[in-house]
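A.B. asks: If you want the building blocks of each chain, they are given just below.
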Amino acid sequence: MKLSLAPLDLKLLRDLWHMRGQVLAIAAVIMGGVATLVMSLTTYDSLTTTRDRFYAEYRFAAVFAVLKRAPESVAERLRAVPGVERLETRVRAGVKLEVQGFGDPITGLLLSVPDGGPPQLNDIHMKRGRTVEPYSSNEVVLSDTFAEAHRLEPGDKIAAIINGKRKALTVVGVAVSPEYVYQIAPGAMFPDFKRYGVLWMGRNALAAAYDMEGAFNNVTATLARGTQVQEVIDRFDGILAPYGGTGAYPRKDQFSNRFLSEELKQLQTTATIFPAIFLGVAAFLLNVVISRLVALQREQIAILKAFGYSHLVIAGHFVKLVLVVVVIGVGAGTALGAWFGRGLSDVYMETTFRFPYLDYLLNPGVVIVALVVSATAAISGTLIAVFRAARLTPAEGMRPETPAIYRTTVIERIGLQRWLASPSRMIVRHIERRPLKAVLTVLGIACACGLMMVGNYQKGAIDFMVDVQFRQSAREDLSLTFIEPTSGRVLHELAALPGVTHVEGFRDAPAILRFRNYSHRHALFGIQPDGTLHRSLDRRLQPVSVPAGGVVLTDHLANKILHVQPGDMLTIEILEGRRRTVEVPVLGITQQFLGVSAYMQQASLNELLREGNVVTGAYLAIEPGTEPLVYAELHERPRVLGMVANDAAIRSFYATIGEFVLFYNLVSTLLAGAIGFGVVYNSARIALSEGGRELASLRVLGFTRGEIAYILLGELAVLALAAIPVGMLVGIGLVGILVQAFESELYRLPMTLTSENYAMGAAVIVVSALLSGWLVWRQLGKLDLVAVLKTRE
Amino acid sequence: MDAVERNELVFRARGLTKIYRMGEVEVPALRGIDLELYAGEMVVLLGPSGSGKSTLLNILGGLDTPTAGDVYYLDHNLTAAGDRDLTLFRRDHVGFVFQFYNLIPSLTARENVAVVTEISPAPMRPEEALTLVGLGERLDHFPAQLSGGEQQRVAIARAIAKNPAVLLCDEPTGALDSQTGVVVLEAIERVNRELGTLTVLITHNAGIAEMADRVIRLSDGHVIESRTNAVKKPAHELSW
Chain A
1 MKLSLAPLDL KLLRDLWHMR GQVLAIAAVI MGGVATLVMS LTTYDSLTTT
51 RDRFYAEYRF AAVFAVLKRA PESVAERLRA VPGVERLETR VRAGVKLEVQ
101 GFGDPITGLL LSVPDGGPPQ LNDIHMKRGR TVEPYSSNEV VLSDTFAEAH
151 RLEPGDKIAA IINGKRKALT VVGVAVSPEY VYQIAPGAMF PDFKRYGVLW
201 MGRNALAAAY DMEGAFNNVT ATLARGTQVQ EVIDRFDGIL APYGGTGAYP
251 RKDQFSNRFL SEELKQLQTT ATIFPAIFLG VAAFLLNVVI SRLVALQREQ
301 IAILKAFGYS HLVIAGHFVK LVLVVVVIGV GAGTALGAWF GRGLSDVYME
351 TTFRFPYLDY LLNPGVVIVA LVVSATAAIS GTLIAVFRAA RLTPAEGMRP
401 ETPAIYRTTV IERIGLQRWL ASPSRMIVRH IERRPLKAVL TVLGIACACG
451 LMMVGNYQKG AIDFMVDVQF RQSAREDLSL TFIEPTSGRV LHELAALPGV
501 THVEGFRDAP AILRFRNYSH RHALFGIQPD GTLHRSLDRR LQPVSVPAGG
551 VVLTDHLANK ILHVQPGDML TIEILEGRRR TVEVPVLGIT QQFLGVSAYM
601 QQASLNELLR EGNVVTGAYL AIEPGTEPLV YAELHERPRV LGMVANDAAI
651 RSFYATIGEF VLFYNLVSTL LAGAIGFGVV YNSARIALSE GGRELASLRV
701 LGFTRGEIAY ILLGELAVLA LAAIPVGMLV GIGLVGILVQ AFESELYRLP
751 MTLTSENYAM GAAVIVVSAL LSGWLVWRQL GKLDLVAVLK TRE
Chain B
1 MDAVERNELV FRARGLTKIY RMGEVEVPAL RGIDLELYAG EMVVLLGPSG
51 SGKSTLLNIL GGLDTPTAGD VYYLDHNLTA AGDRDLTLFR RDHVGFVFQF
101 YNLIPSLTAR ENVAVVTEIS PAPMRPEEAL TLVGLGERLD HFPAQLSGGE
151 QQRVAIARAI AKNPAVLLCD EPTGALDSQT GVVVLEAIER VNRELGTLTV
201 LITHNAGIAE MADRVIRLSD GHVIESRTNA VKKPAHELSW
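Chains A and B are the protein sequences, given in the same order. Under this note's numbering, the first residue of the first sequence is numbered 1, with each subsequent residue one higher. Under this note's numbering, the first residue of the second sequence is numbered 1, with each subsequent residue one higher.
The set of hints was computed from the structure by calculation and includes no laboratory data. Incorrect hints may have been included.
What the hints assert, rightly or not - Beta-carbon label-pair distances, calculated as ranges:
id: 1; chain 1: B; residue 1: Glu-118; chain 2: A; residue 2: Phe-387; range: 41 to 49 Å
id: 2; chain 1: A; residue 1: Ile-737; chain 2: B; residue 2: Ser-147; range: 51 to 59 Å
id: 3; chain 1: A; residue 1: Ala-295; chain 2: B; residue 2: Gly-196; range: 37 to 45 Å
id: 4; chain 1: B; residue 1: Pro-48; chain 2: A; residue 2: Thr-376; range: 30 to 38 Å
id: 5; chain 1: B; residue 1: Gly-15; chain 2: A; residue 2: Trp-774; range: 39 to 47 Å
id: 6; chain 1: B; residue 1: Gly-136; chain 2: A; residue 2: Ile-737; range: 56 to 64 Å
id: 7; chain 1: B; residue 1: Arg-125; chain 2: A; residue 2: Thr-376; range: 51 to 59 Å
id: 8; chain 1: B; residue 1: Asp-83; chain 2: A; residue 2: Trp-774; range: 13 to 21 Å
id: 9; chain 1: A; residue 1: Leu-721; chain 2: B; residue 2: Ala-80; range: 55 to 63 Å
id: 10; chain 1: A; residue 1: Ala-741; chain 2: B; residue 2: Glu-118; range: 33 to 41 Å
id: 11; chain 1: A; residue 1: Ala-295; chain 2: B; residue 2: Ser-219; range: 36 to 44 Å
id: 12; chain 1: A; residue 1: Ala-295; chain 2: B; residue 2: Asp-83; range: 28 to 36 Å
Values in this document were obtained by computation on a predicted structure and should not be read as measured data. Idealized CB from N, CA, C, for every residue including glycine.
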């Protein structure tokens with residue numbers, strides 16, 4: 001069968017083929033936008049679907065509460081709270097772990113699973129092996145992150161120090177849990193799979209080891225549909241207060257879930273900001289290219305209309321042309337985005353979130369969204385040009401276009417023209433003749449620079465955060481937490497350990513901070529006012545000492561959560577001991593990028609708690625090289641519950657984050673390159689098309705190829721150079737948006753851009769410009785000098 | 001050759017042949033042309049379209065190369081020259097005037113001339129060249145602000161401002177009405193007379209041929225006639 005196309009469609013195909021370079025360049029920009037859109041949306045969809053399915057299948061709880069110890073009978077009272085659907089009590093024990101051949105301190109969390117069947121709530125998904133045998137005394141299931149980090153398999157042996165007593169454990173399985181999709185040690189800043197692990201153990205065995213027989217210290221519940229969560233929480237708090245309850249909290253405040261939600265929120269931001277930039281640039285490029293095409297085809301359009309083609313058909317012809325470009329871009333972008341999305345999901349699964357499976361979804365809806373968004377951007381960008389094509393009367397169209405009108409430029413009016421030779425004047429006047437186009441071109445190129453800077457920003461930001469957090473603020477080598485509040489005398493004992501050079505104690509207490517109708521549940525930290533290890537920092541990141549008699553809050557906590565100012569009185573509800581509620585003045589606001597904190601002087605906090613010199617933990621400085629000795633010594637001390645070594649944490653963090661940074665760098669470089677090249681190359685081609693006759697005339701007059709290249713590429717060079725500082729501003733702006741969008745209680749990105757970021761941003765412009773310049777230079781060699789003399793424009 | 005004055009020989013062509021290859025078809029444009037052009041001459045190349053006159057002019061001006069035969073400019077063999085040498089040749093020795101002016105729209109009249117004088121070894125001042133063509137008053141106008149005849153005179157000023165050895169004009173009045181055309185021809189005539197520039201003018205208009213020292217008629221790629229006008233008619237007496 002012979003395929004027959006309407007003549008207009010044939011023309012369309014040939015036009016497209018003729019300007020294939022430009023078509024590809026624009027399609028590449030659309031591809032960039034669609035790829036980020038598809039990547040973010042599919043990853044978002046996949047993670048959300050996977051999360052929801054995982055939560056539902058494994059009965060993730062809706063309310064969580066931690067307490068000191070309550071007899072099992074209290075559970076009945078909790079179950080009786082209206083709205084509670086299912087409730088399960090657990091034993092939860094912070095432990096130290098020992099893994100053969102690994103000397104660093106490991107903190108573990110042991111959670112009980114019922115002996116009489118699978119957990120009612122927060123069930124675990126077995127990846128390998130089996131769950132614990134009912135009433136077994138020493139079997140445990142490991143979280144998969146920990147098992148993988150240490151290459152532990154069912155059958156391997158480890159040990160845990162539970163309540164000061166060493167217990168040998170046998171690994172029987174490896175699992176993931178909806179409660180620990182994101183795993184991080186309490187108080188730690190980053191996940192560290194080697195030094196923190198969650199383990200599940202039979203209820204009876206754990207209770208026996210932890211002195212919790214017939215009792216529980218952790219409870220979770222699901223609620224009936226339509227229940228007010230806050231009401232249940234209030235009732236729980238009332239019931240659990242006498243048992244050392246530290247406040248129940250809803251699922252949205254559950255740490256793993258909250259982190260996951262934040263990450264998903266950021267993906268949505270990515271799915272909006274970046275595609276918007278790309279599609280905006282693509283719309284501009286299509287406008288420029290189609291305008292030029294219409295200008296070149298004036299006569300053809302006039303003839304078609306003279307033959308009787310309607311406005312609609314001709315307008316449709318150009319819209320079709322644009323749509324072909326869009327379809328190419330969306331097709332390629334969807335493929336690339338799906339690839340990126342799968343890659344990103346894998347990186348998430350590998351480094352951050354642990355799900356039993358990943359439902360990677362390429363929702364057709366996403367492709368339709370991409371298509372509609374791109375087509376809308378592209379068509380709106382070309383509409384003016386297309387209307388111009390459709391409006392032309394045949395007689396008008398067959399007349400040549402009136403010559404372009406130029407005027408002397410600002411530079412000349414202020415008397416600088418004598419510094420400019422004619423070619424340079426041409427450059428200046430070309431730019432000044434169509435200032436809007438020049439501005440948009442500069443902005444388009446600048447976007448490439450900005451995107452590149454955003455892509456490269458993260459590494460510098462992370463370095464900066466780590467530096468502030470660990471070299472300015474939390475400078476201890478090791479932080480210890482004690483099993484319970486302890487006399488400050490213990491610090492002397494620690495200081496006397498060989499290898500320990502300095503010790504600072506701290507007291508922390510769970511509390512609810514309230515101001516007007518804002519509240520936040522958080523630990524109150526009592527630190528040393530003139531401590532050298534753990535310090536708070538002011539806005540300029542200079543250490544400030546915490547004054548006596550009040551609290552100092554980190555900026556996010558003060559400004560965004562509690563909305564307090566220095567001088568305001570904060571209500572503090574201490575969830576420990578006598579559970580006092582006190583009014584305390586806010587004395588200052590400090591800067592912190594990771595987490596949020598409320599600091600007091602240790603002595604002031606002790607006073608609030610009506611106690612003497614009591615500490616709950618200590619910061620240690622250790623002589624380099626003596627770490628294993630110190631770890632071993634501390635490991636043996638029953639009062640020491642957990643240890644976090646900063647150096648190891650930083651190293652493992654970089655190992656984790658490295659893949660992310662690399663991934664984003666790759667993606668952003670590809671995309672910034674696509675925009676940079678798309679804009680510069682198209683501008684160059686349009687300039688060549690518009691100025692071709694002029695340049696050929698100059699060649700005839702004896703100008704060399706280099707001299708006419710100066711005129712053509714000089715204009716581009718001026719625009720590209722102008723785009724560098726503008727691009728840096730765009731980069732600063734985009735990073736600013738990112739900082740705003742990603743601001744959360746968990747972390748805030750610092751607004752720091754390194755000289756490397758700026759250099760990379762400039763480099764993407766320079767490379768795109770050189771590449772486009774080279775391609776156009778080759779075209780200049782093909783200018784037809786003879787034809788230009790015989791034709792009228 | 002039967003020219004009256006025997007000045008210095010500027011161009012000498014022997015057996016000039018040009019064949020264009022259009023896909024699978026060969027189109028001969030010049031079929032073995034012999035030609036000599038002398039300094040100070042005003043030569044009109046006359047012929048219908050397709051006779052090869054533009055091809056000949058392009059080869060003389062270094063815009064195109066022949067398929068066979070030789071062209072010498074003074075003692076330089078243009079046939080053997082590469083792109084770089086031809087560019088230099090055009091730059092230093094040839095002035096072009098085209099049917100559609102080919103001015104740079106972004107440059108004023110003065111600057112359109114300056115664009116050439118800036119790269120010439122021994123140019124006249126742009127103002128001088130524009131005064132010569134009667135545009136001394138319109139120096140700072142952009143092409144869009146000038147009439148067709150004025151634009152063409154700017155093109156002539158641009159062509160002669162470098163003091164070229166040869167002025168090549170391809171249908172300089174082709175896009176103009178006869179009244180304006182005469183003004184343009186007067187400018188060319190004046191340049192030829194006052195500067196003594198060898199001027200080669202292409203036209204298919206036999207009326208214009210009367211202003212020449214010598215008329216060379218082309219047809220089908222051959223020179224079919226070369227005659228010297230006994231009486232040279234001033235441009236202002238021409239009409240068509």
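A.B. asks: Please go over all the hints and tell whether each is borne out by the structure.
C.D. replies: Hints and how they fare:
1. Glu-118/B - Phe-387/A: 41 to 49 Å: Once the Cβ atoms are compared, 42 Å apart, the range 41 to 49 Å for Phe-387/A and Glu-118/B holds.
2. Ile-737/A - Ser-147/B: 51 to 59 Å: For Ile-737/A and Ser-147/B the Cβ distance comes to about 55 Å; the hint holds.
3. Ala-295/A - Gly-196/B: 37 to 45 Å: Distance hint for Ala-295/A, Gly-196/B holds at roughly 44 Å.
4. Pro-48/B - Thr-376/A: 30 to 38 Å: This hint is violated: roughly 56 Å between Cβ atoms.
5. Gly-15/B - Trp-774/A: 39 to 47 Å: For Trp-774/A against Gly-15/B, whose Cβ atoms are near 41 Å apart, the range 39 to 47 Å holds.
6. Gly-136/B - Ile-737/A: 56 to 64 Å: Check passed, 59 Å falls within 56 to 64 Å.
7. Arg-125/B - Thr-376/A: 51 to 59 Å: holds, 57 Å
8. Asp-83/B - Trp-774/A: 13 to 21 Å: For Asp-83/B and Trp-774/A the Cβ distance comes to about 19 Å; the hint holds.
9. Leu-721/A - Ala-80/B: 55 to 63 Å: Hint violated: Cβ distance 42 Å, outside 55 to 63 Å.
10. Ala-741/A - Glu-118/B: 33 to 41 Å: violated, 54 Å
11. Ala-295/A - Ser-219/B: 36 to 44 Å: At roughly 39 Å between Cβ atoms, Ser-219/B and Ala-295/A fall inside 36 to 44 Å, so the hint holds.
12. Ala-295/A - Asp-83/B: 28 to 36 Å: holds, 30 Å
Hint check: violations occur at hints 4, 9 and 10; the rest are consistent with the structure.
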